[in-house]
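So the protein sequences, as listed, match chains C and F.
So the first sequence is numbered by the working numbering: it starts at 1 and just counts up by one.
So the second sequence is numbered by the working numbering: it starts at 1 and just counts up by one.
Honestly, the hints are just simulated from the structure, not real lab data.
Do not take every clue at face value.
[Stated by the list, open to error] Straight-line alpha carbon distances no greater than 25 Å define the calculated DSS-like cross-link-like pairs of lysine-lysine that follow:
#1 K54(C) <-> K411(F)
#2 K262(F) <-> K54(C)
#3 K335(F) <-> K262(F)
#4 K335(F) <-> K297(F)
#5 K155(F) <-> K505(F)
#6 K335(F) <-> K464(F)
#7 K379(F) <-> K540(F)
#8 K464(F) <-> K54(C)
#9 K540(F) <-> K156(F)
#10 K213(F) <-> K335(F)
#11 K379(F) <-> K533(F)
#12 K213(F) <-> K85(C)
#13 K204(F) <-> K85(C)
#14 K156(F) <-> K328(F)
#15 K532(F) <-> K494(F)
#16 K155(F) <-> K54(C)
#17 K494(F) <-> K441(F)
#18 K85(C) <-> K54(C)
#19 K54(C) <-> K213(F)
#20 K494(F) <-> K505(F)
#21 K54(C) <-> K156(F)
#22 K262(F) <-> K85(C)
#23 K156(F) <-> K204(F)
Everything numeric in this text was worked out from a predicted model, so none of it was measured.
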Amino acid sequence: MTTFILRRLASLLPMLLAVTLLVFGLMSLAPGDFLTPVKAQRDINPALIAELQKSFGLDRPWYEQYALWLGNVLHLDFGYSWTYKVPVAQLIAQRAPATILLSLTSLLLAWTLAIPLAVLAAARPGGWIDRATSAAAYFALAIPEFFLALLAVWMAARTGWFPIGGLTSLDHDFLSPSARVLDIAYHLILPTLVLGLGGVAGTLRVLRANVLDVLQAEYITAARAKGLSEKVVLFRHVLRNALNPLLSTIGYALAGLLSGSLLVENVMNYPGLGRLVYEAFIREDQFVVLGSVVVGCSLLIIGNLISDLALAWSDPRVRYGR
Amino acid sequence: MPRHSLLFLAILPLLGAACAPKIKEARESNPLPAGVDTAQNEIGRRGGVFIDSTPGEPSTFNPLVSEDATSSGFISLFLDSLVRNNAVTQEVEPGLATRWEIAPDHKTFTFHLRPGVCWSDGHPFSADDVVFTFQAIYDTRYPNRAAFDLSVDGKKFTVEKIDDLTVRLTTPEIYAPFLETVGGVGLLPRHELEPAFRDGSLLKAWNVSIAQKEPRRLLATGAFRLRSYQPAERIVFEANPHYWRADSQGVRLPYVDYLVTKLVKDANASTLAFATGQTDAEGLSPDNVAWIDRYAKRYGFSVFNRGPSPNTGFIWFNQNPGRDTSGKPFVPPHKLAWFTDRRFRQAISHGIDRDGLVRGVLFGRGQPLWGPETPANKKWYNPNVTQYPYDPARSRALLAQAGFQMGSDQKLRDRAGNVVEFTLNTNQENQLRANMATAFKENMRDLGITVNLSFLDFGTLVGKIQDSYDYEAGMLGLTGGGDPAGGISVFSSKGRLHQWHPNQKTPATPWEARIDQLMSDQLHTLDYPTRKKYFDEVQKIMSDETPYIYLVTANAYVGLKDRWKNIRIPPLGSLVWNLDELWTPLLTP
Chain C
1 MTTFILRRLA SLLPMLLAVT LLVFGLMSLA PGDFLTPVKA QRDINPALIA
51 ELQKSFGLDR PWYEQYALWL GNVLHLDFGY SWTYKVPVAQ LIAQRAPATI
101 LLSLTSLLLA WTLAIPLAVL AAARPGGWID RATSAAAYFA LAIPEFFLAL
151 LAVWMAARTG WFPIGGLTSL DHDFLSPSAR VLDIAYHLIL PTLVLGLGGV
201 AGTLRVLRAN VLDVLQAEYI TAARAKGLSE KVVLFRHVLR NALNPLLSTI
251 GYALAGLLSG SLLVENVMNY PGLGRLVYEA FIREDQFVVL GSVVVGCSLL
301 IIGNLISDLA LAWSDPRVRY GR
Chain F
1 MPRHSLLFLA ILPLLGAACA PKIKEARESN PLPAGVDTAQ NEIGRRGGVF
51 IDSTPGEPST FNPLVSEDAT SSGFISLFLD SLVRNNAVTQ EVEPGLATRW
101 EIAPDHKTFT FHLRPGVCWS DGHPFSADDV VFTFQAIYDT RYPNRAAFDL
151 SVDGKKFTVE KIDDLTVRLT TPEIYAPFLE TVGGVGLLPR HELEPAFRDG
201 SLLKAWNVSI AQKEPRRLLA TGAFRLRSYQ PAERIVFEAN PHYWRADSQG
251 VRLPYVDYLV TKLVKDANAS TLAFATGQTD AEGLSPDNVA WIDRYAKRYG
301 FSVFNRGPSP NTGFIWFNQN PGRDTSGKPF VPPHKLAWFT DRRFRQAISH
351 GIDRDGLVRG VLFGRGQPLW GPETPANKKW YNPNVTQYPY DPARSRALLA
401 QAGFQMGSDQ KLRDRAGNVV EFTLNTNQEN QLRANMATAF KENMRDLGIT
451 VNLSFLDFGT LVGKIQDSYD YEAGMLGLTG GGDPAGGISV FSSKGRLHQW
501 HPNQKTPATP WEARIDQLMS DQLHTLDYPT RKKYFDEVQK IMSDETPYIY
551 LVTANAYVGL KDRWKNIRIP PLGSLVWNLD ELWTPLLTP
C-alpha cells in the first residue's frame, strides 16, 4: 500500500514538469508580456522599462526564465506576483477560501439532491419521478454553466431577490458576527445553484444507472425474499453498493475545488481564485499562472489517489499490490 | 427536504431587507492643526457613505510600486503632497506646504510646511518625511516611476531640510513642470517606513496583503485612511481624524464618514452597478449615455456632459526607413515614399468624414479633432491649428499634385503604377475604434484607395509598433491632457512613442528637428506664456505635417446621484476630486 501511494506521488513530478513547461512555453509564445501595458503609456521613461525588464528577467530567453523558476520551486519558493508584489503562495491562500467554500456548497447541493432522487428514480424505472428527473437532468446538462450564470445574474438584477454578485454586502464590515454569516449564506445561494446544478444532473445519471445495475443482483432478490422492507433494501443494501463508482469521482471533485468555478466566478463577480487566475492570464503575470497550474495539477493527482484509496477501503474486492 | 428549501427561498428577500446599510460609528475627534486650511465651500453636514466602483483591482498601496491609474487613484486618497492641483482651475494650490518661494535662479524652491499636521496615527508630520520620501524615490535599490519623473536629463533634484517645517528642493536645470510633478508625489511617513527602507524591503511595504491584514498601518495625511480591503470585493476608506482641512465653521473635513469602492470585473460591470442605483458616481462612455439616462429618475441621478475628453484618436503611417535583421525594409520602399510625402497624408486627412464619425460611431457625442491636444486641456490647447475638413475634391487635387492618378478601374496608382493599398492595424478590444476603422475604409474607397483592416490583440499591436516595426499603418489613441512634459516621448524624435518613426538618433526631417527644439525649450523655462507659445507651435507643426492624422474626440460623461452637494465637475481627471468637501442631506442612498 505504501509503495503504491509513493509511486503515485512520484508520478506527480514528471507531470508537473511537463504541464508547467507547456504553460510557460505557451505564455512566452503569446504576443506581448507583462510590461506591454506599461510600454503603451506615454509618460514612462524607457530606462525604467529596461530596469523593470531586467528585474523581472524578461530580457532573457524563456527557457532560462523557466529554469530559474524551477530552481526556486525546488526551494518551495513559487515566485511572487509582478502585479501585486506579494508571494504567489500568499496570494493564492488569500483567494482560495472563497473558492473552496463555493465548491463545497455546490458539491453538497449536488450530492444531497442527486442521491435520494437517483434512488427514487431507479426504484420505479419509467415512473413519473424517473421521467421528470431525467428530463430535468438532460436540461441541466445541456445548459453551459456560464450561460446559467448569466441567466442568474439577469434574474437577480430583474427581481432584486438576490445580490448581483460578490460574497458580502457593502456594509458587511459593520454587521454583527451572526449577520455576517447570514450575509455570506445569502450571497452564496445563486453561485451554488449555478455551479451545483450540473453536478446534480451528472451525479443523478451515473447513480441511477448504478442503482439499476445493483437492483438486478442476486443478493437484492435474497434481501427481498427475507422480507426486508423496500426502504431498507433500497437505502441500506442497494445504495451502499451503488455508491462505490461515485467514490472514484471524488478525485475530480477535489481537483475541481479550485479550478471548477473559474467561469462562474468571472461571470458572477465572485471574489475567488478564478478571478485572480483569469486576471493573471490576461496580464501575463506568469508566476501566478504557474502557481495556480501547479496547485490544480497536484490536487487532481492527490484527489485521484484519495478516491482510489477510498474505493479500496469501501470495497473489499479492490486491493492494490504491496 | 424540498419543501424546507422552498421555505428558505421565501424568507430570503426579508433577510436582504434586514441587511440595509445602517452604519453608525462615532468619529474620533482631534484638535485642528495650527495651520489648518479653511475650505471656501458651502457649509455642509457630516455623515453619509459615498459609494463608487472601479473595474479591476488595486495592485498595491505603495506609491513607489504603483504604475496603473487604479492603484494611484487609491493612493492619492490617503497620501497628500506638498501642493495640490485644483482640477477645475488647473492651477497649483497649497497642500501640505502652505507657501513656497522660487529663487531668482528658477531652480531653487523653498517650501514652508503646514504647522501642526499629524499623520493618521497622531505622529507629527515634518520636513523629515519630505526628505525621507525623496531619499526613498532616488534609492537605486527601488526602481520606480517617480525617480524618472523627478529628474532632469538623468540628474536628481537635491532636497535639504532647513528646519522642521522648511525644506529646500533644487533642480539641476530649470525644470518647467516642477510644481505639477512635485504635486504628484505622495509624501511617505518616515517613522513607519524607515525600517523597511533600511533592510531593502521598501517595495514590499504597503502591499495588498498588508492592506488586508493591517489597514491602519497605511498612514494617511489625506482626507481618508484605509479601513478595510477585501480583495476582489471592496475597499472601505474612513474619514482621517487628523486631516488638515476644515470648513469655515471649524468642522474638520471630510464631511462623508466612509468611502466605499466596489471592485468589479470590468468597465461594463461598473457601468451596470451605477445604472441600477448601486453606486453614487460613474464615468460613462458616449455609447452608454442614452440607455442609462432612462434610469435617472428612478434612481435619483443625473448625467452630466463634461465636454470633450482628453482622449485623442488617430491614424498614422509607418515612416520608419530602417530594415529588419534579415535586411528587409520594414516598409516596402514605394509605400514609404507615399507615407513620407506630406501631401499624401494631408489628402488622406481631407478624405475622412469626421462629422460622419461623430454621428455614426459616437452618436453625436463628440467632435472632430485636428491636433494633439483636445479642448479639455484648457491650459495648453491651441485652437489655431490647421484643419482638414471633409473635402474629397481637395484630396484628389493633393493626390494629383503628388503624382497619383486614378485609373479607369477606379483604383488610385502612384507614378510607377503601383496600386495604392495599405493595411491598417488596430486593437480588437476597443469597439468604438474598430467601428471608426471600418468607416475610414469606406472613406478611402471613395478616393480609390484600398484599405485592409487588421484587428490585433493589444499586445501584438504594441509589439509591432515598438519592437518589430513590420506594419504599414496603425490606429490608436492616447490620453492627452496635463503638462506638455508628459508628451515628450510622443513628440520628440528620440521618443519611444514617436510612433511613425520612434527612437531616431538624429531627427529625420527639419520639422521634427524643430519640434525637438521646441519641446526642449519649453521644458527649460518656468514662464507659462513662453512655454505656451512653444507648445502652441508644436501643435501647429503636428497639424501641418500630420504625422498623426487626428480623428475625433469623444465627449466625457459622468453620472452622479443627485443627493450630493458641493459638486464641482472638472473637465479632466476624477469627477470627485474634491471628495473632502462633498456632503449630503440624505444619509441613506
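Cross-check of the supplied hints:
{"no.": "1", "hint": "K54(C) <-> K411(F)", "verdict": "violated, 49 Å"}
{"no.": "2", "hint": "K262(F) <-> K54(C)", "verdict": "violated, 35 Å"}
{"no.": "3", "hint": "K335(F) <-> K262(F)", "verdict": "violated, 50 Å"}
{"no.": "4", "hint": "K335(F) <-> K297(F)", "verdict": "violated, 56 Å"}
{"no.": "5", "hint": "K155(F) <-> K505(F)", "verdict": "holds, 21 Å"}
{"no.": "6", "hint": "K335(F) <-> K464(F)", "verdict": "holds, 17 Å"}
{"no.": "7", "hint": "K379(F) <-> K540(F)", "verdict": "holds, 16 Å"}
{"no.": "8", "hint": "K464(F) <-> K54(C)", "verdict": "holds, 21 Å"}
{"no.": "9", "hint": "K540(F) <-> K156(F)", "verdict": "violated, 33 Å"}
{"no.": "10", "hint": "K213(F) <-> K335(F)", "verdict": "violated, 59 Å"}
{"no.": "11", "hint": "K379(F) <-> K533(F)", "verdict": "holds, 12 Å"}
{"no.": "12", "hint": "K213(F) <-> K85(C)", "verdict": "holds, 15 Å"}
{"no.": "13", "hint": "K204(F) <-> K85(C)", "verdict": "holds, 6 Å"}
{"no.": "14", "hint": "K156(F) <-> K328(F)", "verdict": "violated, 42 Å"}
{"no.": "15", "hint": "K532(F) <-> K494(F)", "verdict": "holds, 22 Å"}
{"no.": "16", "hint": "K155(F) <-> K54(C)", "verdict": "holds, 22 Å"}
{"no.": "17", "hint": "K494(F) <-> K441(F)", "verdict": "violated, 31 Å"}
{"no.": "18", "hint": "K85(C) <-> K54(C)", "verdict": "holds, 16 Å"}
{"no.": "19", "hint": "K54(C) <-> K213(F)", "verdict": "violated, 31 Å"}
{"no.": "20", "hint": "K494(F) <-> K505(F)", "verdict": "holds, 6 Å"}
{"no.": "21", "hint": "K54(C) <-> K156(F)", "verdict": "holds, 22 Å"}
{"no.": "22", "hint": "K262(F) <-> K85(C)", "verdict": "holds, 22 Å"}
{"no.": "23", "hint": "K156(F) <-> K204(F)", "verdict": "holds, 24 Å"}
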